[in-house]
Each structure stands twice: as C-alpha cells, then as structure tokens.
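Sequence order for the protein chains is A and B.
According to this note's numbering, the residues represented by the first sequence are 1 to 547, in order.
According to this note's numbering, the residues represented by the second sequence are 1 to 310, in order.
In short, the hints are calculated from the structure, not lab data.
Some hints here could point you the wrong way.
[Said to hold, decoys possible] For lysine to any residue, the following SDA-like pairs were computed, each having C-alpha atoms within a straight-line distance of at most 20 Å: (1) Lys127(B) - Glu292(A); (2) Lys128(B) - Glu200(A); (3) Lys134(B) - Asn92(B); (4) Lys127(B) - Pro288(A); (5) Lys134(B) - Gly545(A); (6) Lys127(B) - Arg287(A); (7) Lys134(B) - Arg386(A); (8) Lys134(B) - Gly280(A); (9) Lys127(B) - Ala281(A); (10) Lys128(B) - Thr382(A); (11) Lys134(B) - Glu129(A).
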Amino acid sequence: MTTAVARHTPTRAGSGSLTGTGTLVRFMLRRDRFRLPAWVAGMGLFVVYVGVALPEVAPTEEALATTVPIFNQPVGRMFTGPGLGLDAPTYERFFAAGYVLYLFLVAALMSIMLVARHTRAEEQSGRAELVRANVVGRHAGLTATLVVSLVANVAAAVVVAGLALANGFATTGSLLVGAATGLVGMTFAGVTAVTAQLSEYSRSAAGLAGAVLGVAFVLRALGDMVRVGGSALSWVSPLGWAGQTGPYVLDRWWPLLLLVGLLALTVALAFWLQSRRDLGAGLLAARPGRAEARPWLGTPLGLAARLQRSSGLAWGVAIVALGIVDGLFTQALVDSAADLPDLLREMFGGETMRDGYLTFLAVLVGYVTSAYVVFAVQTLRTEEARGRAEAVLATPTSRTAWAGSHLAVVAAWAVLIMVAAGLLTGLAAAAVTGDGALVGATLLAHLNLIPAVLVVVGLCALLFGWAPVLLAPVAWALVGVMVLVGNFGTLLDLPRWLVDLSPLSHPAQVPVEDLDVAPLVVLLVLAAVGVALGILGLGRRQVLGRS
Amino acid sequence: MTAPVIHAADLVKRFGSTTALDGLDLTVEPGEVHGFLGPNGAGKSTTMRILLGMLRADGGTVELFGADPWADAVTLHRRLAYVPGDVELWPNLTGGEAIDLFARLRGSLDRRRRDELVERFGLDPTKKARTYSKGNRQKVALISALASPVDLLLLDEPTAGLDPLMEVVFQDCIREARAAGTTVLLSSHILAQVEVLADRISIIREGRVVETGSLRDLRHMSRTTIVADTVGDPAHLAQLPGVHDLRTEEGHVHLEVDGDRVQPVLRELADVGVRSLVAHPPTLEQLLMRHYGDDLPARDRAEQDELEVR
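Chain B with its partners taken away, still in its complex shape (with noise of 0.2 Å):
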C-alpha cells in the first residue's frame, strides 16, 4: 500500500488559552478527494496552516508526503497548490497578473490550462484586484491553483462567494483533478459540494476529528428519513425499535429510523396504508447535527425567544 498523502496523528495547537486543535487524527491517501467538514471555529483552517508550515503544532505528528510541513515547507510546496477561503490580492495588480504569478512562484504555469481555465469561470484577467468582488478574487486563486501540475491541492472553502454555476465548474475541475491523480483535501462547510465530491469525509468539530470514512459508511452510522401521507393512524410505529423523532403534521408523518432498521417500519408502514412516501438518506447536514447535538437545544431556545418576541 502506498503511504498516505497527509498524515496527523494527535495534532495540537493552541492560541494562549484556546486550543484550537485537540488531538486531530486525519488521513487522506493517495489520489482521492478528502472532505473536511466542520463549522465555522472547528479547526479546519488551522490544521491547513499546519499542513502549510505556516503554524507550528504544540504536539502531536503531522507529515505531508512524508516529510515534515515546518521544517520542509519550501520543498513541500512544490508539490501543491492552496487557495484560502478569503482571498486578498493586491489591489493594484490585475486577476491575469496575479494568476500567473502564484503559478510561476509554484515553479510552472500551464498557458493552455490557464486560459481555458479563465474562460470556464468567466473572469476578466484585466481588471485591477480591488475592483473584483470576492467570488472573483476567490475565482482567481482557484484558476491559478488549477492551472499549476501538481499532486496535492489544499482548499480551505474554495468557492465561498462563487454563484451556483461556477460552483458547477468548479465540481468538474475537481473531478478532472482526480481522474488527473492529484489528490485534495477540500475543506468545506457546504455539505451538498462535499458530497458529491469527496470519496471520504472527515468530520471535525472542537479541534478533533469526530468521524471519517466514506460517506456510505457514515451514511450506515445514521438513520433515514421517512415523510409519508398515510391511511390510518401510525401513531404507533413510534415504539418500533429504531425509530426517533415521530411526529405528525398536516397529515404526514415524519420519522427518522436508524439505517439497519428500515425494513420492519417499511413493513408497517404498508400495514397502516400509504398515499404516498418519500425517503431520503441522511443529508450531511444531519450527519453533521448528530455530532453537534449537543448545541441543538441552545438554538431552539434562540428560536422559541424570536417566537415570543413576535
């Protein structure tokens, strides 16, 4: 087996009193596309400035390739490209200048791809920096990111600011990147890019990574969803084994039921008569609720507050 592209094993970082990585545990092999997933807070910049050579972690191991990111960053980057969530250009330079210099301090710039690159995502390589928006800036450093041959690229929610079809162009790029061989670790927090995308995810959360694997393993760890307009009264499919969250609206019934327990409720459910019935496996969304439960009641008091004051 080849060895991993990224390897972490008990990552620490802290910032004075805050510990911004806890102990991550992160593996992202050879040619696939690894979702990292989290909120805002988690972490997931900081492991990227680690893996960078930006940041020097307080404990734990981290390897790129390899080597070490601290001490072999400049050998390191040759093999990659980074494009960060924010992009700053400098204002006075214009996106084609800018693009071609990230490329060229990378070491090679493909003219060819550049190009073609400039006209997929719709950019005017003539126009000053401070000009551009931020989905334009971003597009910038994806282009430049893109254009450049190398095997690892580390995105730190690359297409913030991007509208919805760029986001498509964005999604083939990256898989023309795979079939490519390049390996890349996209962090992210818009759960349906991920999901189309990553081969694996990790999810992380207070500076630890809290689950990783594909997303049909994930997928088997948590429960579908179930919305159907029923004949009689299903009220009591609420004491199957595996089933949560029972509740009736309008007419419909809504449950969730563990991913090994379908069948029996399917079962049941055709007993009490179905009109119609829609299921759907659990969106990243949920996957990612179940893991930050815990801050779920402190938003439903924020909603019930809103409420009242209404």
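This is chain A alone, in the form it adopts within the complex (with noise of 0.2 Å):
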C-alpha cells in the first residue's frame, strides 16, 4: 500500500465522537493563556492580601475579637457565610468566615465565562462550525471545554490552598478552601455547560448560569442570616456547601460529596442534552423582537437612551443594592463602635461614628458612579471603532446631537442612581436605627456629591473630543484616585494634591459638616465647559473608521 492511499484512509482511531479533544485542549489553553492565569493570579493576590491586611488592622487575635460583631451579626453573616468560629476568632478563622465566600464567587464566574467563551459563544459565531468539519468529534468541544475547567480550577485551588498555608494558617482548613475553591468552580463549569445548550446565544448562556449563581447565593445568604452555623436553607445552596464545610473550625470534606454529586449530574445532562440538538440550535427558542422601531426610538437621543438602557440598569441596581447592603450594616455599625480598632474608627469619621460612616457611604457610592459614567461614556468609543457611529452621522444627526445625546443619557442615569441610592440607603440606615432623619440627611449626602460625579462626564467628554486614546486610561486612572482617596484619604496620610485630584474630595463632608453650595457651582461650572469643549473637539477631529 502507497503511502498516498493510506492518508486518504480513516483510520479507527479517528472515529469517536471525542476525536480531536487533546488539539482543542490545547488551542483553548492556548487562546487563554493570558485570561486564566490572571484569574487564578487575582485569587492568590486576594489570599495573599487578606493574610497580609488582617493582621494590619488588628494587630493581635484579641484585636480582632472587636471586630467580630462586622461578620457575626445577621447582615453580616448574609454577605459573608455562616460565621463559623468566631466566638474564638483567629486569623485563619476570620479569613474563613469573612472572606473564602469571594474565593469561590470568583472561581465561579471564571468558570461560567470560560464555558460559555468555548462553547456557545464559539457556535453562536460560527467558529465551531469551522473546527467541526475537521477531524472533531461531537463531544470534543465540550469536553476539551470541561477539561480545560479542570485545569483552570485545579490551578486556582493549589493556588489558594498554598498560599493559605503560606499565611501561615492550619493545614487542614488551607486545603479545604483550595478544594472548595476548585469545586465550586466545577461545579459551575457544568452549569454552564447545561445552560450552553439551552441558549442560541452565549450571552444568555452565561447570563443564566449567572442566574443560577445569584439563586445560590441568596439562597445561602438568607440561610446563614437565620443562625449562626447555617439553617436548612443553607443547605440548598452549592455556596452553602462550600462554607458548611468549615475551614480551620469543623475541618469536615463530606460537604464537598455534594458539590461532585452536582457536578457528575450537570456534566452528564449537558453531554445527553448536546447529543440531543443539532450543532447552533438552542433548546429554548429564541423570542423575535419588535419588527417596527416605537416611536421615540428615531431621534438621537431615543437611540442613546436605548443603547445606554441596559447598562445604566444594570449598574444602577447593583449600585442601590449596595447602598441598601451598607446602610443596613449601620447600626451594626454604630453598636461595635466602642470595640472597634482605631484604624476602621478613623474610616469612619472618627467620634460621629453614624454620620462619619454615611458620608463614606455617599463617597463610596459616588466613585462607583463615575465607575458607571467611565464605562458608559466609552460606548461612544465603541460606536465609533465599531462603525456605528458613522451610519448614524451620515443621517442629517449632527456629532453634537449625537455625542450629546450620549453625554445628556449617561448624566440622567448618574444623577438617578446617585438620588436612588441615597434614598434608599437612608431608608435602610432609618430601618435599622429607627431614626427617621437618617433618610434626609443621607439623601443630602448623596445629592451633595452629583456635581462631583458630573465633573466626570465632562472629564470624559473632553477626553473624546480631542483625545479619545486617553478616553480610558485617564478616565480610568481619576476613577482609582477617588477610591484611593475615598477609602484611604484619612488613612494613609495621602498627599494634599492627590487629595485634591479628586472631585470627591471638594463638596463639604455632609452630614458631619453643613452643606456649602460653592464648591458645587465650582464643580457644577467645570462639567459643564469639559463637556462643551469636548463637543467642540469631536465636531474639529475626523470620525475614526473601523479597525
């Protein structure tokens, strides 16, 4: 026989339907070899800092004890786990019962994104057609996909039980919260693999396995809130097996049965349900839209309300929720307030505890907002690499209405998130003290610091008029100078003009001190001339084509 005919013959060994899952599993380590690494890196960083941090602001064990009551009582243990341990709080312990929960939120979210990136979202662009008509089985993809989990998630738990071991803390409990790390992400990863064949888009995908995530995570928040140690509802929840398994407390694995359990079904559903559907079909169908636009959606500024929409919804409820989380913790606040360490006293405004601690909270909610309005002024880098921008323009839109529009949209969603969350973080923080005040004088806080926000919009109007390369970075970089500043100002001793960079920093620090309205005109007048000198900029500068 020729060597000729024998490379047109199929061999046996090319034939099941796993076929080619070594050469994908390697071309995915090798399309994420920047993406994973990072992951797992940022997780080890957040160990590495927590050892670090802990023993920062309470430099003795008995330090610490003061500032239990933070994770034990109930609001506590919602965004943290069931407080396990902490009647005899250590480093380790704390770490466990304060922050292993954020470990195992990230290995899930690594694992969601990873799935969907090789599964749907290769589909739904018709890439996997591509590596389909190759030698590829029909079960590659998928398990090259789960494969490629493994290693991600098995790195992350060497990772985190490492360097818990490193902290110094008990063997037993730092290879625990690596397993659990591990599983956690796993088991995600076959959720995911199970939403990937439901959804025609991997956008949907993720976002259900996101779903599945938030349920876990409420269900668990709400189960631990009820007693210390978990409830039964607890025990629905993955998250909540993860922290049942109490680290450097109860140091038991059989919780983490569960989590195989779940990821054995999830895995084995998603192969059954693949070799169920033909390759780019979903197993919910997908819902037509509107075939005719409505009627506000044909001016320039309909279209940017609607393309801002989403976004500013999505940060807008995140940021609330955040607010609401915070001003609940006030009175847990302002109860430890006598045993906490000086250093977190010193955060919150020192003597006036309460008020010290919401004027933080309009700070903190105010940097996150102009998080919001950095990210959202870029849709108008995107629009424009993206070609969007110039089928809009070549209409009888004018580049001021259009990047006005944008601009006008992104400042309404600011000015609304900043006067939601103030009102409900003042209803919330009256909730727990019972003080009625606390709702006006939080919301005042809160609407004290829109003009510094909007300083932001005009910042990033100035930047894409004239410079849009630096749109992001420089953006970006005032946006971390007002959360340096913000959590840090006091603390740190930080240089006045760093201080002063930020437009936090300028409005009077209500309520500890009275409103002053000049510094608001101040900052009210400089949004304004940022903004018109950007709109000038953009009608000077030429419409950047694609790539």
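Once you've looked at the hints, go ahead and assemble the two chains, each given alone in its own frame, into the complex.
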C-alpha cells in the first residue's frame, strides 16, 4: 500500500465522538494563556492580601475579636457565610468566615465565562462549525472545555491552598478552602455546560448560569442569616455546601461530596442534551423582537437612551443594592463602635461614627457611579470604532446631537443612580437605627456629590472630543484616584494634591459638615465646560473608521 | 446644464505616511448611476467618507450639491442615504428597529415602501441584529436607504454578502431609484453589477481616477476578444496590426483585437476558414486588467510558484 492511499483512509483512531479533544484542549489553553492565569493570580493575591491586611488592621488576635461584630451579626452573615468559629476568632478563622465566600464566587464566575466562551460563543459565531468540519468528534468541544475548566480550577485550588498555608494558616483548613474553591468552580462549569445547551446565545448561556449563581447566593445568604452556622436553607445552595465545610473550625470534607454529585449530574445532563440537538441550535427558542421601532426610537436622544438602557439599569441596580446593604450595616457599626480598632473607626469619621459612616457611604456610591460614567461614555468609543457612529452621522444627525445625547443620557443615569442610592440607603439606615431623620441626611449627602460625579462626565467628554485614545486610561486613572482617596484619604495620610485631584474631595462632608453651595457651583461649571469643549473638539476632529 | 451632484477635483487624503487619495477627480451628474470601480485599497471608501464629511480632505476641492461636505454635513445628509460595505448594527436591536431608526434619523420613512422592501428582500425584521448574517445586515441598511426619499444614494459595495437572487432585487431597486430621478454613486468590485447598472463609470486605482466615461466609451478604447475554431492555420493573424495575445489551444485560436481593428481581422479569419466563432466585448474585468496590468507579472509569478509546489 502506498502512502498516498493511506493518507486518505480514515483510521479507526479518528472516528470517536471525542476525537480531537487533545488538540482542542491545547488550542483553548493557548487562547486563554493570559486570561486564566490572571483569574488564578487574582484569587491568589486576594488570599495574600487578607493574610497581610488582617494583622495590619488588628495587630493581635485579641484586637481581632473586637471586629467580629461586623461579620457576626445577621447582615454580616448574609454577605460572608455561616460565621463559624467567630466566638474564638483567629486570623485563619476570620479568613474563612469573612472572605472565602468571595473566592468561591470568583472561581464560579471564572468557570461560567470560560465555559460560555468556549462552547456557545464558538457556536454562535460559526467558528465551532469550522472546527467540527475537521476530524473532530461531536463531544470533543464540550469535553475539551471541561478539561480546560478542570485545569483552571485545579490551578486555583492549588494556588489558594498553597498561599493560605504560606499565610501560616492550618493545613487541613487551607487544603479544604482550596478544594472547596476548585469544586465550586467546577460545579458552575457544569452548570454552564448545561445552560450553554439551552440558549442560542452565549450571553444568555452565561446569564442563565449567572442567575443560578445568584439564586445560590441568595439562598445561602438567607439561610446563613437565620442563625450562626447556617440553617436548612443554607444546605440547598452549592455555595452553602462549600461554606459548611467549616475550614479551620469544623474541618469536614463530606459536604464537598454534594458538589461532586452536582458536578457529575450537570456534566451528564450537558452531554445528554448536546447529543440531542443540532450544532448551533438551542433548546430554548429565540424570542422574536419588534418588527418596527417604537415611536421614540427615531431621534439621537431616543437611540442613546436605548443603547445606554441596559448598562444604566444594571449598574444602577447594583449600586443601589450596595447602598441598601451598607445602609443596613449602620446599626451594627454603631453598636460595635466602641470596640472597633482605631484604624477602622478613623476611616468612618472618628467621634461621630454614624454620620461619618454615612458620609463615607455617599463617597463610595459617588466613586462607583463615576466608574459607571466612565464605562458608559466608552460606548461612544465603541460606536465609533465599530462604524455604527458613522452610520448614524451619515444621516442628518450632527456630531453635537449624537455625542450630546449620549452624554446627556449618561449624566441623567448618574443623577438618577445617586438619588435612588441616597434615598434607599437612607431608608435602610433609618430602618435599622429607628431614626427617621437619617433618610433626609443620607439623601442630602448623596445629592451633595452629584456635581462631582458630573465633573467626571465633563472630563470624559473632553477626552473623547480631543484625545479619544486617552479616554480609557485617563478616566479610569481618575476613578482609581477617587477610590484611593475616598477609602484611605485620612487613613494613609495621602498628599494634598492627590486628595484634591478627586472631585469627591471638594464638596462639604455632609452630614458631618453643613452643606456648602460654593464648591458645588464650581464643580458644575467645570462639568459644563468639559462637555462644551469636548463637543467642540469632536466637531473638529475626523470620525475614526473601523479597525 | 445642471450642476453636478458630486464634484471632486485633485482630492488628496493622507493617513500618516500612506497616501489614500492622490489627486482624485470625480464628477457625478444628476440622475445618473455612476459606477465607482477599483480594487480593495484603491481609495473608494476613503472617497465616500470624505463625501460624508467624516474625513477632511488634505488637498483639492470637493462639493456635494454645490456645498462643502465637511462644513455642511448635517444639511447635506438630509438629501442622501449611505450604505457601507460592511454594515454594523446594534446587537440588541432588531433589524426592523434599525431600519426605522435610520430612516427616521434621515427625516422621513415611507412605511408602505419600507414594508414592500422588507418583503422583496425577504428579511425577517423581528430578529435581533446579533443573529443576522452579513448579508442580512446589508439588507437592513439597503432597505432603510431605499425606503427614504433622497436625492443621492452613496452605496459602498452595498451587496457584499447578498445571494444572487437578492442581487437581482437590488438591481431592480436601483433601476427604480434612477427612474425616480435619484443619483447613485455605486462603488463596487462586482463588475457584472456595475456593467448592468451604471450609466458612467470611473475606475480608481491607487487614489486616482484613471479612466472615466460611459461603458461604451471605455469599450471603444479596449479590445474585443475572439475565440475561433479554424480550418487552416491562423498563426499569421498575429502579424496584423492591433492583434494581441494570439495563442492556440486545442485547435481553438484565442486573440484580442483593438476596437477599431476588428474588421480586417474578421476578414482574414474568414479566409482561413471558420467552423465556429465567439466574439465578446471586453468585460470590466479586462478593462481593469489593463489598468492594473503591472500587477499581472506578480500574479503570474505566484501562479508559477504554486504549480512548482504541486
């Protein structure tokens, strides 16, 4: 037999449904060679940070005991876990009670995005068809994706466990934290493998898996809130199972078996569903949209409102929720005020602890809303880079109308978010403290910072008009400064010029201080000048084409 | 005589060190379909983007309806519709929403015409744009442009990705637009399309218009291709003035002859004895080849390499 013939004869080795898996695994690892290490390194850094920061905040484990109320009371447990072992706190127990839940969440998010990216996103784009047209089996893509998830999660588990050990934490507990992190990640890889079969779109696949994660978080939160150590509700959530291992306290391995079981179940279900559908098809039918545009979708403003709607809503809900949660902490903070370490007390405003805390909350909502502003104004860059701006500007829409509409909508969302967050944070604080006056005070603290947030809109407009490539780096750097100054301005004794760089530093510290109108007027003028100059610049520069 | 709709003279546009337009002249008269032909990178899209006022020319003059496309962009855009070659839509808007949006931004939407076009192009307007193929995104932009009553259509390779059936629909629509008095600037490298639709064409290469005129004018300047099955040996035809590239393949003689030299060649062929004969005017492909002739040696070399590899 000549080699020429042999070349065209299919060999037995190349005919199974898993053919090509090895090649695909290498290919996926190559595609993710920066992304996955970044996720894992992020988790590792978090462990190191906690290990370093805890002794910094509370130099002795006795001092640590005074901060226990933050995690120990019901609202604290909602956001941290069952709160095991805090009656006799050590650094490692504090790590497990306060922070490992976030390792689980990060591992889950990493896995959700990883699986959606390599399964449904590939099918949606048609790339999977190109790959499958080669000698690649039906299940090779999903199998390779799960193998890559396993690699990533094992790496996460090893890094987390190793660095926990390096922090000087106990061996069994550290191994348990690592294993739980990796298994939660894998379980959500399995969940996403299933949701990827359901929807035709990768965003819906990731969104459905994210919803499962959200429900798991809420069930666990409610379950853990009921009593220290968790309740029956904690046991219906995969995140609850991971928490119930009780690292450094109970040190039990068997709850992890529940995660293994769910993982096996979801993986089996995913393969079963996949063998039952066509490539590219989903099990959930795609919903048809409107055949005609609504009347308001016909002006630059209408278009901008529509394009900014989902991100404004998402950021808004998240920021307001953050505000409410923080508001609910008010009483717990006041109660533990006397026992708090000096460093933390200083952060929240010294003597007038409650008002200082509310001032801080307004600043926090202010810089997160500024982050939203930067994110949202970047839409203009995307629209321009993708050629959609050109399509709009080819109609009788002026550049002023186009960019002005987006900036106006972003500014309106920012104001709405600040008002809603102020009102609801105030209501939450009033509810837990029983002091109705806090509603007005908190709202005023937030309204007071609106001009500062609008300055960020002005800066973004200025950059977009004159130096669009600098928009992202400069604007995000400013947000970074605002976060740094907002969180640590007093704590770290930052230089004056850096503090002054943050627009949030300039309004009076309501409600600790009285409202001062003068800086607000200056900030508003700065914002308006920025927007005006930015639009002027946009009119003078060329519209950048694609690529 | 009426003023031209588009008039560009000695237009220059540079991007850094590359010169995209190098003294481009282009005149489009009212009511004509003007074919704008050239290979990728010749400067077609750059010209379009200057006409739209997205880019500012570095030199020369350009007028659209007698006005400056950079300074008067918004006013001018009331009178035109633009279809790019690679339409990008908002992933979460449906095709129908995008059609209506563009038409409304342009100022008016003829609802009946819009529905009729959706029907003719066979587009499902209820699907989100992220599910559309390239061809379907192209249809969205075309339908929206054609449903707006405008004086000028700027079409930059508008049918890339459309199937042949839709290509026919597109050609019908352009004929209807011309019948209604609309001026069309149609950039393309689909030669057959320009051949069928254009009243006049301009051939652009490396940022300059190298030839402009009606198809008939350009043909006159080019050669007719003749393929004949002859009784005798036609080799001596190669000696006739105006005959080029004569070669014989499997008993058929292939030759090209200059437009004004056809008659003597036919007479000579008849003397040799003809069993069958095919003669066709130059395709636009051949017209283009004449102007990109210096690319041919390189291509031949590439083909040669390929053969040697085999």
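Evaluated hints:
Distance check on the hinted pair: Lys127(B) and Glu292(A) sit about 11 Å apart at the alpha-carbon level, within 20 Å; holds. At most 20 Å may separate the alpha-carbon atoms for a hinted pair to count; Lys128(B) and Glu200(A) meet this at roughly 12 Å. Distance restraint check for Lys134(B) and Asn92(B): the Cα-Cα separation of roughly 16 Å lies within the 20 Å cut-off, and the hinted pair is therefore satisfied. Of the supplied pair hints, the one linking Lys127(B) and Pro288(A) holds, its CA atoms being roughly 5 Å apart against a limit of 20 Å.
A threshold of 20 Å between alpha carbons decides the hint, and for Lys134(B) with Gly545(A) the separation of about 19 Å falls inside it, so the pair holds. For the suggested pair Lys127(B) and Arg287(A), the alpha carbons sit about 8 Å apart, so the restraint of at most 20 Å is met. Of the supplied pair hints, the one linking Lys134(B) and Arg386(A) holds, its CA atoms being roughly 14 Å apart against a limit of 20 Å. About 17 Å separates the Cα atoms of Lys134(B) and Gly280(A), which keeps this hinted pair within 20 Å; it holds.
A threshold of 20 Å between alpha carbons decides the hint, and for Lys127(B) with Ala281(A) the separation of about 15 Å falls inside it, so the pair holds. Proximity of Lys128(B) to Thr382(A) is assessed by CA-CA distance (about 19 Å); at most 20 Å being required, the pair is judged to hold. Distance check on the hinted pair: Lys134(B) and Glu129(A) sit about 17 Å apart at the alpha-carbon level, within 20 Å; holds.
Taken one by one, the earlier hints all hold for this structure without exception.
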